[in-house]
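Engineer: The primary structure of each chain is shown beneath.
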Amino acid sequence: MNSKVFLPVYVLVTLGVTASCAGTPSVPVRTTGTQIIQPGAPGETAQAFDTAELEAIGGLSHSEADVRFMRGMIPHHGQALDMTALVPTRATTNGFRSMALRMQISQRDEIRLMERWLTEREEETPPTNAHRMMMAGDMVLMPGMLNAGQMEQLASATGQEFERLFLEFMIMHHEGALTMVQTLFNSSGAGQESLIFKFATDVDADQTIEILRMRRMLEERR
Amino acid sequence: MILEQISGFTHRGTALVMMLVMTASLIGGFSETNAQQVTPDSVTPAPLFTWDPNDPRLELGAGWMNAESAIRGLEQVSAIPRPDGFFNPATPDDGRFSNTDLAFQGQYLYQGNYNGFQIYDLDDPNTPMLALSVVCPGGQGDVSVYGSLVFMSAQETRGRLDCGIEGVADSISAERMRGVRIFDVSDLSNPMQVAAIQSCRGSHTHTLVVDPDDSENVYVYIQGTSSVRPTEELPGCSGGEPDEDPNTALFRIEVVRVPLDAPEDAEIVSMPRIFADAESGNIAGLWAGGDHGTGTQDTRRTHQCHDITVYPEIGLAAGACSGNGILLDISDVVNPRRIDEVLDPNFAYWHSATFNNGGTKVVFTDEWGGGGQARCRASDPPTWGANAIFTIEDGEMTLGGYYKLPVPQTETENCVAHNGSIIPVPGRDLMVQAWYQGGLSIMDFTDPENAFEVAFFDRGPLSAEALFTGGYWSTYWHNGRIYGAEISRGIDVFRLTPTEHLSQAEIDAAELIQIDQFNAQMQPLTIWPAVVPVARAYLDQLVRGNGILNDRVPDVGNILDRAERGTATAMQLAEVAAQLDQDVTAIRAGTLGGDAERLSTLAELLRNLGG
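Respectively, the protein sequence lines represent chains W and U. Quick note, the first sequence lines up with residues 1 to 222 if you use my numbering. Quick note, the second sequence lines up with residues 1 to 611 if you use my numbering.
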């Protein structure tokens, strides 16, 4: 690079937007003709960057492992919803119900996010009853998921016995999610896209904390 | 019903009804019959979210670059879309190209982006002109600047040492960069990466720190919040719990020393355990995570800081550290020492901090929902996802009150408290703040218990159908303008306009303050010169607050008019000042009502105007 790169840009100047009233400014003009520089590793010289290269990162955006992760996590979360749905009639304290409700809301939000992620990438979303198909043995259970017998055991428990069992199973379930995140990041080319990186990192952080909290609750019940 | 139990709300009118309806649809698993078993055991009701039904921000039309907008107390002077290479024309919601934080140096504005950063020329402060785009992906791309050095945060596993866009396929790789990059941009045609400081959790944000006693180095605090990478990639990294591994990369920050004459030699010089319990030495000494009782928020545990704001002139830093707000003594920059910590039952995630200019207050933000969720809905409590304003006295923080964007946003607008900075209006504490798709809001927190809105700008949602992540990441005051970094729409520039809440003199006094360099997480101390606009600002505040005798107002106004024309003598100025001093004495003796503090400041200003 030898030329200075002060290039003009077109800007929208929105003058005199009326105070206290909704208005619709005209559509700004995109900047054009911008020269872009890409530095090198520390100590190396920068190079001109061709925006056509950005097309290349379309291929980087997601990998097979990313898709496997998302497709597996949806039924994994789906089972958590089945588990938390048991709580209101079986738990003994409001505190326990609050915890389960929070878990339910966040897992539900995340299922929506994962489904949207897959849809936007034109990848197939798993059927809504995939977790039940897994429990029925029609599909392989994801790590940490309860089998049909364990789910039955949980559903038939009540009171303090239910709470203890719920905590044990949900800890196991969450630990499975951490394993899935680990597998994702250990896979070649996985977790490279900003959205899936953020999502997997959030799952890791949230569920680690929930595990710690559930362990404390379990201690209190022993 | 369930929601009452969850958040302790009772009898909250329409907002409550809407909230219950919306929540009921969210929580199908909890049936009506079950709910009847629940009895609230908390009696502290959260405050009711009320708003002006005529607020022009309600029901703005959606659109990417053509959304409707509403504005008050501000004039929008330009809107600069993201440049080529920094957006995906197909969608506003491509996280690889999100705009992030802003920094200012000399005539340049630095705009961070998940794909690198841009430098804009502010020769005309109203219309930033793109001077250079730099591609170097890694997220979040928060930037700070010191002279010709640019610091940028990288946290994602795709970040490459060589700024490549192709990512890093191997799960263990020497090509990966997660940490703080340092660029030298003294030659704009050849911005050189001079150092890449690798850290275990990468750098979600960072804070530039100048030590007033050290002119040879600057320092960077690294705040890592994402997963810890394997020791095979970066030796010594461990994400274990403290009882398993006392050397865990959790529960610490990293401090980088950057020699100014050899920035390539920058290195991590300490990894302070700022959450340690002073007595037991337990490094996990603060909030362990969880709620604070029925009806309270679920707060993250304190094993990281999201952001630290330093204020070198007063030797303090405020850390927004996931589960706590903390105060640090940074007189020894390399070894910050925690001197106080606070908890808040309404906070989900302590996100950022801003001191007032006097260093007597600190505003902490709660990024409930992480920034990607709609948390300013009519159904959301006004104390959740809000600012909490604390006073600081003798190194101890005490809660004053809360402030949240005072108008609801839709389900498709991600919205929660985010980054802002102080507007230097003398005599008041004003902060301009980003609320993602909630737009920007200027908050007066002079009285921490009664913070209120002074001005705003808001656009309709990016989409009426889908929740795309967008809106303002940061809105900062710099040299008389407000610059807003919009995640998916680019940079907006605003000027203040007078309203009942802010006079032209107050705006003039704020616009007087010109500084060469501004990084929001390293707050500068503002000292206003003794000039007429500053005196007028105080006079306006005294009149607005009924803090001055009516008889005095024309006297002060006249003398200031004359001072402006250069026809006021020192003696005349001193005479008016003496009248004000008399009033101050009377007020302090309890024989007169009024605002002794501002009157006394105004009297002092008048005397100084006299030379």
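The set of hints was computed from the structure by calculation and includes no laboratory data. Accuracy of the hints is not assured; some may be wrong.
Claimed, not checked - A short, non-exhaustive set of chain U residues, derived as facing chain W with CB atoms under 8 Å: (1) 114; (2) 156; (3) 227; (4) 291; (5) 361; (6) 524; (7) 525; (8) 527; (9) 547; (10) 550; (11) 590.
Computed from a prediction, not measured in an experiment: that's the story for all the values here. Note that CB positions come from ideal geometry on N, CA and C, so glycine has one too.
Engineer: Checking against the hints above, which ones are violated?
Structural biologist: 5, 6, 7, 8, 9, 10, 11
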